[in-house]
Amino acid sequence: MNDGTIGSALTEKRQELGISRVQAAEKVGMSRTTYSSYERDAQRPSVDVFPALATFLNMTIEEFLVLYGATAIVTLRPSLERVLSELDVQANDVTASIEEETVRDEPYWFGSATPVQDTPEVPDIPDVSDVPDVPELSNFLEEMLFPSIRTG
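For the sequence shown, the residue numbers in this note's numbering are 422 to 573.
Hints are computed from structural coordinates only; laboratory data are not their basis.
Treat the hints with caution; some may be incorrect.
Said to hold, decoys possible - Derived lysine to any residue pairs resembling SDA-like cross-links, with alpha carbons at most 20 Å apart:
#: 1; residue 1: Lys434; residue 2: Lys448
#: 2; residue 1: Lys434; residue 2: Met451
#: 3; residue 1: Lys434; residue 2: Met480
#: 4; residue 1: Lys448; residue 2: Gln464
#: 5; residue 1: Lys448; residue 2: Ile482
#: 6; residue 1: Lys448; residue 2: Gln436
#: 7; residue 1: Lys448; residue 2: Arg465
#: 8; residue 1: Lys448; residue 2: Asp462
#: 9; residue 1: Lys434; residue 2: Asn479
What the hints assert, rightly or not - Listed next, with one range per pair, are the computed distances between beta-carbon atoms:
#: 10; residue 1: Thr454; residue 2: Leu497; range: 14 to 24 Å
#: 11; residue 1: Ile482; residue 2: Thr454; range: 19 to 29 Å
#: 12; residue 1: Glu433; residue 2: Thr455; range: 10 to 20 Å
#: 13; residue 1: Val470; residue 2: Asn513; range: 41 to 51 Å
#: 14; residue 1: Ile482; residue 2: Gln436; range: 39 to 49 Å
#: 15; residue 1: Arg503; residue 2: Thr454; range: 47 to 57 Å
#: 16; residue 1: Leu438; residue 2: Val510; range: 20 to 30 Å
#: 17; residue 1: Ser467; residue 2: Asn513; range: 31 to 41 Å
#: 18; residue 1: Ser452; residue 2: Val510; range: 17 to 27 Å
All C-beta atoms in this analysis are idealised placements derived from N, C-alpha and C, irrespective of residue type, glycine included.
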């Protein structure tokens with residue numbers, strides 16, 4: 422029996438009252454076998470017996486619903502664990518498959534094997550030591566462009 426379920430609450434209440442399962446079933450208004458299956462968490466009660474069970478347990482319907490949810494989880498846990506473990510195995514298979522493809526396609530993912538330079542290349546800077554100063558530049562251009570005008 423699991424704590425926090427309808428079954429554990431029914432068992433605890435029955436023992437607190439010091440009555441048998443048959444007497445508890447009579448108080449709730451159901452057969453002994455049905456009551457016993459609820460107490461063992463072998464079966465979840467239907468909505469139409471919620472009020473009787475909540476009254477027997479001296480709790481509100483809202484409080485009973487919390488027990489119902491816990492009972493559903495306990496009942497479904499083995500199935501959920503099986504499904505989740507199957508999904509985990511499938512996810513691992515997919516991950517392994519993706520990793521294999523990534524390793525296999527590595528050259529395509531990272532491009533060519535050209536080494537990457539750590540520092541950019543500095544362009545060649547021309548030697549400017551032979552360039553005349555600005556006033557001399559105009560004379561230089563005139564001589565170059567119009568040699569006949571100056572000499573004539």
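Hint check:
no.: 1; hint: Lys434 - Lys448; in the structure: holds (12 Å)
no.: 2; hint: Lys434 - Met451; in the structure: holds (16 Å)
no.: 3; hint: Lys434 - Met480; in the structure: holds (11 Å)
no.: 4; hint: Lys448 - Gln464; in the structure: holds (19 Å)
no.: 5; hint: Lys448 - Ile482; in the structure: holds (18 Å)
no.: 6; hint: Lys448 - Gln436; in the structure: holds (14 Å)
no.: 7; hint: Lys448 - Arg465; in the structure: holds (18 Å)
no.: 8; hint: Lys448 - Asp462; in the structure: holds (19 Å)
no.: 9; hint: Lys434 - Asn479; in the structure: holds (9 Å)
no.: 10; hint: Thr454 - Leu497: 14 to 24 Å; in the structure: holds (23 Å)
no.: 11; hint: Ile482 - Thr454: 19 to 29 Å; in the structure: holds (25 Å)
no.: 12; hint: Glu433 - Thr455: 10 to 20 Å; in the structure: holds (19 Å)
no.: 13; hint: Val470 - Asn513: 41 to 51 Å; in the structure: holds (44 Å)
no.: 14; hint: Ile482 - Gln436: 39 to 49 Å; in the structure: violated (23 Å)
no.: 15; hint: Arg503 - Thr454: 47 to 57 Å; in the structure: violated (28 Å)
no.: 16; hint: Leu438 - Val510: 20 to 30 Å; in the structure: violated (48 Å)
no.: 17; hint: Ser467 - Asn513: 31 to 41 Å; in the structure: holds (40 Å)
no.: 18; hint: Ser452 - Val510: 17 to 27 Å; in the structure: violated (43 Å)
Of the numbered hints given earlier, the model fails hints 14, 15, 16 and 18; all others are met.
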